[in-house]
Every structure is written in C-alpha cells, then in structure tokens.
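There are 2 protein chains.
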Amino acid sequence: MSPKKVIIIGGGFGGLNAAKGLARANHEVVLIDKTNHHLFQPLLYQVASAVLSPSDIAAPIREVLSHQKNTTVFMGNVVKIDKKARKVHLQNGDVMDYDYLIVGVGARHSYFGRKEWEKHAPGIKTIPDALQIRETILTSFEKAERCDSISQAQKFLNFVIIGGGPTGVEVAGAIAEIAHKTMLQNFRRIDTTKTKVYLVEGSPSILPVYPQKLSNKAQQYLEGLGVQVLTGKMVSDITEEGVGIGDRFIESENVIWAAGNQASPLLKTLKVELDRQGRCKVEADLSVPGYPEVFVIGDASHCKGKTDQPVPSLAPAAVQMGRYVARIIKKETPLEKRRPFYYVDKGTMATIGKAKAIGMFGHIRFSGYPAWLAWCFVHIMYLIGFRNRFLVVLEWTFSYMSNHRGSRLIHSSIEKLLSKSNQEKPPK
Amino acid sequence: MSPKKVIIIGGGFGGLNAAKGLARANHEVVLIDKTNHHLFQPLLYQVASAVLSPSDIAAPIREVLSHQKNTTVFMGNVVKIDKKARKVHLQNGDVMDYDYLIVGVGARHSYFGRKEWEKHAPGIKTIPDALQIRETILTSFEKAERCDSISQAQKFLNFVIIGGGPTGVEVAGAIAEIAHKTMLQNFRRIDTTKTKVYLVEGSPSILPVYPQKLSNKAQQYLEGLGVQVLTGKMVSDITEEGVGIGDRFIESENVIWAAGNQASPLLKTLKVELDRQGRCKVEADLSVPGYPEVFVIGDASHCKGKTDQPVPSLAPAAVQMGRYVARIIKKETPLEKRRPFYYVDKGTMATIGKAKAIGMFGHIRFSGYPAWLAWCFVHIMYLIGFRNRFLVVLEWTFSYMSNHRGSRLIHSSIEKLLSKSNQEKPPK
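So the sequence lines, in the order shown, correspond to chains A and B. So the first sequence is numbered by the numbering used here: it starts at 2 and just counts up by one. So the second sequence is numbered by the numbering used here: it starts at 2 and just counts up by one.
Keep in mind that a hint or two might mislead.
One copy or any two copies: either way a pair holds, since identical chains are not told apart in the list.
Dumping the calculated EDC-like pairs for lysine to aspartate or glutamate here, alpha-carbon to alpha-carbon at most 20 Å [unchecked claim]:
hint : residue 1 : residue 2
1    : K197      : E136
2    : K195      : E117
3    : K70       : E274
4    : K70       : D149
5    : K417      : D130
6    : K156      : E337
7    : K272      : D346
8    : K21       : E294
9    : K6        : E416
10   : K197      : E241
11   : K21       : E241
12   : K70       : D192
13   : K195      : D276
14   : K126      : E416
15   : K355      : E294
Calculated from the structure, these hints are not laboratory results.
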C-alpha cells in the first residue's frame with residue numbers, strides 16, 4: 002500500500018480530529034484552514050460576553066499537529082474543488098492534487114435571504130465576530146453613561162438576540178448577567194438594571210429541539226435573569242436603529258444574530274445534491290456519491306443517522322465523523338467494505354447564566370445546578386490542549402466567585418469608534 | 002473646604018494612580034480616557050510576541066475604580082484644554098468644567114518627521130498596535146511556509162526592529178525566541194532558524210542610558226539569541242518592501258518601530274512651553290506655570306528632578322507623580338506650601354529573551370538570571386489587579402517551561418489578509 006496524499010479542508014472539530022486520526026497513517030496529510038487556529042466555537046459566545054479571551058478557546062492548528070511528522074498545515078482559502086481531476090484550487094492561485102479529500106468547512110449564518118441584515122446583526126462564528134460583539138456591548142454601556150437622561154440612554158441599553166436555539170439562549174443569559182451583576186457598581190449615572198434583553202424566536206418555544214418541559218425550564222431561568230422571551234415572533238426588519246418584530250420596533254444598537262445556519266458556499270463546487278441549509282447529501286460512509294475518495298463531514302454534511310433524521314450539526318458529531326473517516330482512509334478500506342457511520346448521541350446541553358443549565362441524554366432530562374456542572378465538565382474535556390482547559394477553568398472560577406468578567410476590553414479607542422459611527426452630541 | 006471638581010485626563014499609570022489617591026478626598030472626580038482600560042504598557046510587547054493576551058495586561062478602568070463612590074469614569078477623547086475658562090472640550094462636543102485638572106495623556110511614537118513610515122513600521126503603544134504586529138509576525142511565518150524556496154521565503158523571515166532602547170531590545174529578543182524555539186517543530190517546509198532579526202540603533206550602543214558594561218552584556222545576550230545588532234546606523238527609508246539602513250536595504254514585511262517618543266498633541270492646547278519631545282515644562286510641583294490648579298504628569302511632563310536631568314519617562318515616575326498630585330489636591334495645598342516633587346529612582350531593567358536581563362539600581366548593576374527574576378517580580382507587582390497578576394504568572398510559567406507561546410492567534414482569516422495585501426502567486 003503506497004502512501005497517499007490526503008487533503009483536509011478545515012481545522013474545526015471535524016477536520017482536526019480527522020488529521021489527528023491520521024497521525025500514524027502511512028500517508029502524507031495536508032490540512033488547509035482559512036485561519037491559523039482551531040476554534041472551540043461552543044464557547045465563542047463567552048468571548049462575546051467578555052468572560053474569556055480569544056486565546057483561551059483557540060489553539061494554533063500547527064501547534065496541535067506539530068508532532069505529526071506526516072502532516073503539513075497551510076493557512077489558505079480553498080475556493081474550488083474539482084472532484085473529477087482530484088484537485089483543489091486556492092484563492093491565491095495554488096492548485097493541489099489529492100488522493101483522498103476530507104471536506105470539513107463548517108457553516109456560516111443564514112439571514113434567510115436578507116443579506117443586508119448582516120451588518121446590523123452580526124453572528125458569532127469567528128473570533129472577529131465575537132470581538133466585534135463584545136466591543137459593541139461594552140461601548141453601549143459607555144455611551145449610555147454619557148447620556149443625560151435614561152430615555153436617551155435606553156437604546157444603548159436594549160439588546161436583541163434573534164434565534165432561540167442554544168446559542169441565542171446562552172448569549173441572552175450572558176448579557177443579562179453582565180448588565181445586572183457585573184456592571185452594577187461600575188457606573189454612576191446609568192442604572193444598569195434598566196438594561197432590557199430580548200430573545201426573539203419564530204417557533205412557539207425556545208430550544209425547539211428540546212422536550213417542552215426543558216424549554217419551559219430554560220425560559221423560566223431566562224426570565225429570572227431579566228430576559229424578555231418573545232416566542233412565535235418573526236423579525237420583519239433590521240436597520241441601524243433597531244429591530245422590527247411584527248408591529249413592534251425595538252430601538253437598539255445591539256442586535257445579535259443566532260438564527261439559521263448555512264453551509265459554506267465552497268460545497269457548491271462539489272456539484273453534489275445539497276439540502277435546504279446547503280449541506281452535502283452524502284452516502285452512509287460520508288463519501289460523496291460516486292466519489293468514494295471524497296468525504297464531507299461536520300456541519301457541512303447531511304448524513305442520515307440510524308433514524309430518518311440527519312445527524313445533527315453538533316461538535317461531538319463532527320468529532321465522530323472526523324475519526325470515522327480517518328479510520329477508513331488509514332486502512333484504505335474499499336467502498337463495499339465500509340460500515341455505515343453511526344452517530345453516538347452523547348447528549349446536548351445549554352447553559353443559562355451562572356449555575357443553571359438544561360440537558361438531555363437519551364431519555365434522561367436534567368436541569369439546574371447539576372446540569373450546569375455537567376455542561377462545564379463536558380466543555381472543558383472537549384477543549385483542545387491542557388493550557389486552554391486550565392485557563393478556562395481559571396476564568397470561570399474567577400468569574401463565578403466574583404461576578405466580574407475577565408475580558409472587558411474595548412480594543413479600539415473612542416476616536417476610532419466615533420469615526421466609525423460619526424456621532425455628534427450637543428454641548429452641555 | 003467645599004468639594005471641588007477634579008478632572009483627570011488619561012487612565013494610564015499617572016492618571017489611574019492620581020484617581021486612586023483621591024479615593025477618600027472630599028471631591029468629585031471624573032476620569033476621562035480614550036479607551037476603557039488601563040494598559041500595562043511595559044508588557045505590551047509580550048502581546049505583540051504572542052506570549053500574553055491583551056486582557057492579561059489590561060484592566061477596565063471603571064472596574065478598578067468601582068469602589069470609589071466619588072469617581073465617575075468616562076470613555077471620551079479630550080481635544081482641547083481651555084485653562085483660562087477652566088474647561089475641557091471633548092471630541093463629541095461635550096464641554097466640562099473643572100476646579101482642578103490633572104493631565105496624564107502620555108506619549109505616542111515619533112517618526113522624526115517621516116509620518117509616512119508609520120504604516121510600514123508600527124509602534125507598540127496600544128492594544129491594536131500589539132495585535133497588528135502579532136498578526137503580521139505570525140502571518141509572515143504562514144506565508145513563508147507557502148513559498149517554494151528559501152529565497153522566496155526570506156523576506157517573510159526577516160524582522161527589523163528600529164530603536165535600541167529597552168522596548169526594542171525586548172521585542173528583538175522575543176522575536177528571536179519565537180523563531181528559534183517556539184516555532185521550531187511547527188513548520189515542515191521552512192526552517193525557522195533561517196529567521197533573521199535585526200536591531201537598528203543610531204547611537205554607538207544599544208540601551209544608551211545604561212552604563213557601557215550593561216549595554217555590552219545586553220548585546221551579547223541578543224547575539225546569543227541570533228539577533229544582529231546594528232549600532233551607529235540610521236534608517237534612511239521605510240517602504241512596504243523593507244528598510245534602508247545607510248547603503249543597505251533589508252527586504253522585510255516585519256518592521257517594528259521602537260524609537261522616539263512624542264508627547265500627546267493635546268498638550269499644545271495648554272499653550273505652555275514644550276520641550277523637544279513635546280512634553281510640558283512644568284514647575285517643581287508639576288503644575289503649569291501661572292495655573293496652580295492644572296497639573297501635568299507622567300510621560301507628558303518635563304519636570305526637573307533634583308539634578309538637571311528631567312524626570313525620566315518611566316512607569317514608576319508616572320505612578321509617583323500621580324500620587325504626589327493627588328495628595329496636593331486632596332488637601333488643597335496652596336502653591337506656596339507645596340514641597341517640590343522628588344522622583345525616587347527604583348532602578349530600571351530590561352529583559353532579553355528567557356531568563357536573562359540587565360538592570361541598575363543606583364550604583365548597583367546586575368545581569369543574567371537574578372536580574373530576570375527581579376524584572377519578573379517588579380512587573381508582576383506593578384500590574385493592576387490580582388487576576389492579571391495571576392494570569393501573567395501562569396502564562397510566563399507555561400511559556401518558560403514549554404517554550405510555547407500561549408497566544409499565537411491570527412484573528413483574521415486568510416481571505417481578509419489577502420484582500421489587504423492583494424497578493425497573487427502563480428499556480429504550482
């Protein structure tokens with residue numbers, strides 16, 4: 002069996018675990034990612050809410066793979082996959098051949114056709130996203146402090162999160178905590194308890210994939226933190242002034258998008274059938290129909306599990322897919338001998354503020370403090386690298402004990418922020 | 002004694018310590034800073050060299066002052082001081098009155114009249130500066146990895162630091178370490194030991210304020226780390242291709258400016274005599290001539306010490322000035338009763354890579370490992386906040402033991418970096 006060339010596109014949960022699974026394979030492995038780091042996305046909202054720093058939850062990919070002598074890491078952007086010629090094309094003109102290809106390019110946000118909303122309502126998928134949101138949140142409090150009356154300040158103290166899935170719930174809880182606990186003593190002129198946090202969800206309840214009892218519990222926790230949960234409501238418009246929800250308009254500078262995912266547009270160049278979210282419909286072995294050497298994994302992949310439902314777009318699923326595909330490639334298992342991919346559901350959880358969470362594992366439901374501890378534990382274990390685990394535990398301990406947030410930095414100076422927003426105020 | 006209104010411009014070492022000194026004063030205190038954080042500038046080069054995160058060395062000012070009920074913090078940019086009317090004008094049009102004014106606005110870099118050099122050779126004064134440099138350094142290694150030959154890669158592996166003072170020396174040592182230790186296993190195609198680091202200084206020796214023996218020692222340490230020290234050399238030009246030094250031209254994408262300071266341009270509006278670096282010439286009590294209620298402290302201040310030399314622009318000096326002025330204002334000591342400011346020299350130190358430093362305290366000179374330990378200790382003690390001290394000790398321990406750097410993140414994706422540099426490469 003001669004060594005083959007394996008290209009992995011994407012250093013997220015899927016791609017990175019595929020690469021690690023090929024550490025001892027007799028192949029040449031090349032991993033290409035648009036950034037230089039593996040990002041622990043489930044905790045990215047904590048960078049946005051100023052609890053963690055970016056480097057607490059990201060690890061340089063080449064550092065993680067530095068001991069794998071058969072693996073080279075490139076920072077590059079793949080713009081086209083030519084499955085017939087077995088080549089990938091990069092943005093800067095480079096072209097690379099492959100014998101095996103693993104596509105783990107993940108997903109971005111979908112704005113349901115209203116692309117113009119994106120600049121007013123950023124999502125949280127990358128570090129720049131999270132830092133942008135953090136800056137907006139912290140700057141809003143600063144701007145509110147400069148206002149002469151609460152009515153002027155209110156639009157800086159309104160936060161609207163669109164999307165009642167786990168990300169939206171977690172962000173809403175985190176912002177409510179910043180306002181009502183962390184910032185309480187820090188401001189003299191504004192009353193940060195006047196902060197209003199809205200969570201908007203189109204379905205009849207938040208966390209629609211969870212059982213009703215757990216969704217209700219989550220809503221209860223959120224309302225306890227001061228979040229106004231608006232279910233069964235669709236967003237009609239988003240402008241720089243705020244958000245239209247049905248007939249109502251909420252003035253806000255802080256609108257965060259946590260609804261709707263769309264798989265990376267690179268997948269279109271695969272010329273394979275895609276589902277409604279743009280994910281590739283793959284075979285039971287995660288390969289592209291007719292091309293057993295090309296695999297699509299993680300959030301980019303639409304793969305039927307043992308039931309009719311596709312495997313969910315979750316980090317543990319991406320990890321399992323990455324390892325599965327690595328095993329096939331390592332042994333070069335021919336198509337007819339490959340066992341189908343089987344997703345082992347290790348449960349899902351969502352946290353709501355400090356010390357509360359909900360979770361389910363098979364038929365087991367849990368909530369409250371035990372769920373939160375489980376949530377913390379699982380996230381720590383999935384983090385890459387001892388250093389990151391240690392730092393995150395530290396930051397969480399600090400944050401839990403003191404109600405302070407460690408990373409409340411606005412990087413930009415006010416000159417830069419003012420030139421961005423061209424704000425004028427009358428002299429007083 | 003009725004309460005007075007004290008405005009402090011700048012939340013650096015001077016301004017923040019002045020504010021803390023007024024915690025129990027019977028006055029209303031307002032601190033205005035362009036950013037929302039106090040920055041521990043002496044360690045900023047470690048953010049640039051990917052050892053520390055920004056939030057390890059910065060603390061939100063309003064957090065630090067949150068227990069002082071008499072103190073309000075604003076994020077704002079003061080553009081004019083009207084000392085006759087006793088008012089300060091902000092960029093957004095606000096105007097504030099004061100009874101006492103403390104100006105601690107610090108310094109920026111001076112490019113000796115060649116402002117166009119700044120975009121090719123950034124300095125390290127703010128967090129965005131440091132992150133920009135970090136991104137450039139790490140991206141250079143990534144670009145070098147993509148080159149087909151070492152000759153193509155070399156310009157990405159050349160680093161030029163201009164200015165042989167403590168900052169320049171510390172940065173040069175840090176970059177040499179990244180290249181020759183940290184990155185060693187991480188790259189497959191390039192040999193990071195081919196990295197060339199140049200430190201350029203116009204004077205006959207680096208660290209010109211230190212005694213010759215210590216400067217020589219520092220140079221020896223740097224050369225041991227692989228740094229080429231070019232003394233008695235002036236920079237003739239800086240372009241996007243690299244740096245002209247006398248007749249020589251060094252191709253480089255990584256040019257860092259660590260030479261020459263210039264006090265903030267706000268001081269011109271004080272209409273007071275300035276020195277060559279733009280610092281205000283103040284009286285012995287740090288007040289502006291003729292205006293005993295206006296004080297200028299820190300790097301913005303030119304104050305004669307007990308000798309003819311002005312008090313140096315160092316963090317400990319700024320701290321002492323801040324506390325001194327706070328004592329005067331707290332008691333409202335009239336001009337004729339004020340004792341002159343006296344700077345207590347607690348020594349200076351500079352570190353060169355891991356486990357080496359030089360320092361002097363009065364007539365005592367020291368170098369090597371003991372100097373480095375002293376350097377670490379002093380910096381930890383001056384950091385604001387337990388959390389920051391703890392994290393920095395942790396990061397240093399981690400970095401020291403493993404030769405890894407904790408914060409090797411390039412935030413931007415390659416798409417963004419490519420659109421910035423418009424780079425094209427032929428297909429291979």
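Given identical chains, is K197 near E241, meaning Cα to Cα at most 20 Å, within a copy, between copies, both, or neither?
within (18 Å within a copy, 48 Å between copies)
Is it within, between, both or neither when you check K355 against E294 at 20 Å Cα-Cα?
neither (46 Å within a copy, 47 Å between copies)
Up to 20 Å between alpha-carbons, please classify K70 paired with D192: within, between, both or neither.
between (57 Å within a copy, 14 Å between copies)
When Cα atoms must be at most 20 Å apart, do K21 and E241 count as within-copy, between-copy, both, or neither?
For K21 and E241, neither the intra-copy (44 Å) nor the inter-copy (39 Å) Cα distance is at most 20 Å.
Classify it for me, K21 with E294: is the Cα-Cα distance of at most 20 Å met within a copy, between copies, both or neither?
within (18 Å within a copy, 66 Å between copies)
Using 20 Å as the alpha carbon limit, work out where K417 and D130 are close: within a copy, between copies, both or neither.
both (18 Å within a copy, 13 Å between copies)
Identical-chain pair category, K195 with E117, by Cα at 20 Å
So K195 and E117 fail the 20 Å test inside a copy (30 Å) and across (47 Å) alike.
Between K195 and D276, at a C-alpha cutoff of 20 Å, which is it: within one copy, between copies, both, or neither?
neither (43 Å within a copy, 49 Å between copies)
Is it within, between, both or neither when you check K197 against E136 at 20 Å Cα-Cα?
Result: close within a single copy only, 18 Å intra versus 37 Å inter.
When Cα atoms must be at most 20 Å apart, do K272 and D346 count as within-copy, between-copy, both, or neither?
Neither, since 30 Å and 71 Å both go past 20 Å.
Up to 20 Å CA-CA - E337 versus K156, copy category
Neither, since 61 Å and 50 Å both go past 20 Å.
Should K6 paired with E416 be assigned to within, between, both, or neither, using CA atoms and 20 Å as the limit?
Neither: 51 Å inside a copy, 25 Å across copies.
Of the numbered hints stated above, those contradicted by the structure are hints 2, 3, 6, 7, 9, 11, 13, 15, listed in ascending order.
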